[in-house]
Amino acid sequence: MNDLGLEPYTRPLLKASGQVRQVSFEGEQAKEWVILDIHDLVEKARKESDNFMNDDPAERVKNWFEENGYELLHEYIVWGEQQGYDTNATCERRDIWYDLGEMDVAPMLIPRFAWRENVVLWNTEDGVGTTQFYNIEPNSTADYRLLCACLNSRLAWLSREIEGRQAGGQGMTRSEVKVYEANSILLPKISEISQSKRDAILDAFEELLKAEKELGGETDSEKLEAERDVLDKAVMTAIGSKDESRN
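Each residue of the sequence shown is one higher than the last, beginning at 1 in our numbering.
Worth flagging that the hints you see were computed from the coordinates, not collected in a lab.
Errors might be hidden in some of the hints.
Straight-line distance between alpha carbons at most 27 Å, and here's what the computed DSSO-like set of lysine-lysine pairs gives [stated by the list, open to error]:
| no. | residue 1 | residue 2 |
| --- | --- | --- |
| 1 | 213 | 15 |
| 2 | 223 | 15 |
| 3 | 197 | 213 |
| 4 | 197 | 223 |
| 5 | 233 | 197 |
| 6 | 223 | 210 |
| 7 | 178 | 189 |
| 8 | 213 | 31 |
| 9 | 213 | 233 |
| 10 | 213 | 223 |
| 11 | 189 | 233 |
| 12 | 15 | 210 |
| 13 | 197 | 178 |
| 14 | 15 | 31 |
| 15 | 210 | 31 |
| 16 | 233 | 210 |
| 17 | 189 | 210 |
| 18 | 31 | 223 |
| 19 | 223 | 233 |
Estimated spans, in silico, between C-beta atoms of each pair [what the hints assert, rightly or not]:
| no. | residue 1 | residue 2 | range |
| --- | --- | --- | --- |
| 20 | 180 | 43 | 33 to 39 Å |
| 21 | 117 | 50 | 50 to 56 Å |
| 22 | 59 | 90 | 15 to 21 Å |
Every residue, glycine too, gets a C-beta built ideally from N, C-alpha and C.
Go ahead and model the full structure; you've got the sequences and the hints to work with.
Quick look at the structure:
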C-alpha cells in the first residue's frame, strides 16, 4: 500500500511471530506489513456527506474522498470493488466495507507463539497485531517501560514456559500461551520495586534495546546474551534473589 502513496493512511501491522526480531517494534520489522487505518477519516466523511443523494454510506464516503482531495483513497477503493473485495464475506458484513473500525493500539504486545526466545514488544511505532498477538494494556499508573523490561527477562520466559503449552506445526515446536496464561506470567510487583532497582532494570533494558538496534534486526540471540544477563540480574535482584556467582 505504501508503494501506492497510501502510507499516510496506514498503520504498521504485526501479522505473525516470525516477524518479531527485536523488542522495540520499529524500523524494518514495522515496515514489513501495514494495514489501512482510515476510521477517523471515514467518520468525518460520514458527517460531512449527509447531504449527498445516496443512501449507501460506503458510496457516500467514497464520493466524499474523491471531492475532498483524497483521490488516492478513492482510487484504491474503486480498485477494491473491481476486485470484488466489497462482496466477500468479511467485508460485506461491515457497514462500510473498507472501514476496519477503530484500532486498539497497545503500548506492548506479546506473541501468542514463541520459538527460540521470549520477546514482548515495545510498540514504538503504534502498530496493531492480528490474533497472533495479545495486547498488554496496563493501568494508567503503571510504569510501562519498567513492565516491558521485566516481561523481557528470562524470569518471564521461564514463567511462560511453565504456564503455557507446546504447539507443533510448520516443522517446529513452539511455546504457546492463551490469554489467561499470559496474564499469569510471573513478574516482580512493580509498585514495590525501589527506585535504585528500577533504575538498574531500566538501564539494563536500554542497553538491550541499544544492542538490538546496533545489530540491525539480526535474529542471532547469542549476540545479546550479555545484555540479557544484565537485565535478568537486575530483575532477579528486584525480587530479592542473591547473586550466587559472588560466593
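Going down the list of hints, with the structure as the test:
1. Of the supplied pair hints, the one linking residue 213 and residue 15 holds, its CA atoms being roughly 21 Å apart against a limit of 27 Å.
2. For the suggested pair residue 223 and residue 15, the alpha carbons sit about 26 Å apart, so the restraint of at most 27 Å is met.
3. A C-alpha spacing of about 25 Å is found between residue 197 and residue 213, which places the hinted pair at or below 27 Å, so the restraint holds.
4. A threshold of 27 Å between alpha carbons decides the hint, and for residue 197 with residue 223 the separation of about 25 Å falls inside it, so the pair holds.
5. Restraint check for residue 233 and residue 197: satisfied, since their Cα atoms lie roughly 11 Å apart, inside the 27 Å limit.
6. Between residue 223 and residue 210, the direct Cα distance comes to roughly 12 Å. Compliance with the 27 Å bound is thereby established for this hinted pair.
7. Under the criterion of a C-alpha separation no larger than 27 Å, the hint pairing residue 178 with residue 189 is consistent with the structure, at around 22 Å.
8. Note on residue 213 and residue 31: the hinted pairing holds, with a Cα-Cα distance of about 15 Å set against a maximum of 27 Å.
9. Between residue 213 and residue 233 the alpha-carbon distance is near 22 Å, which keeps this suggested pair within the 27 Å criterion.
10. Taking the CA atoms of residue 213 and residue 223, the gap is about 12 Å. The hint holds against a cut of 27 Å.
11. Proposed proximity of residue 189 and residue 233 is supported: the alpha carbons are some 16 Å apart, at most 27 Å.
12. For the suggested pair residue 15 and residue 210, the alpha carbons sit about 25 Å apart, so the restraint of at most 27 Å is met.
13. Pair hint residue 197 plus residue 178 does not hold up; C-alpha atoms about 31 Å apart against a cutoff of 27 Å.
14. Only pairs whose Cα atoms come within 27 Å are accepted, and residue 15 paired with residue 31 is accepted, the gap being roughly 11 Å.
15. Distance check on the hinted pair: residue 210 and residue 31 sit about 20 Å apart at the alpha-carbon level, within 27 Å; holds.
16. At most 27 Å may separate the alpha-carbon atoms for a hinted pair to count; residue 233 and residue 210 meet this at roughly 18 Å.
17. A distance of roughly 26 Å separates the Cα atoms of residue 189 and residue 210; the hinted pair therefore holds under the 27 Å criterion.
18. Proposed proximity of residue 31 and residue 223 is supported: the alpha carbons are some 24 Å apart, at most 27 Å.
19. For a cut-off of 27 Å, the pair hint linking residue 223 to residue 233 stands: about 18 Å separates their Cα positions.
20. Restraint check, residue 180 to residue 43: a C-beta distance of roughly 34 Å satisfies the suggested window 33 to 39 Å.
21. Judged by the Cβ atoms, the range 50 to 56 Å given for residue 117 and residue 50 holds: they are separated by roughly 53 Å.
22. Residue 59 and residue 90 have their C-beta atoms about 19 Å apart, which keeps the hinted 15 to 21 Å range intact.
Checked against the numbered hints given earlier, the structure breaks only hint 13 and satisfies all the rest.
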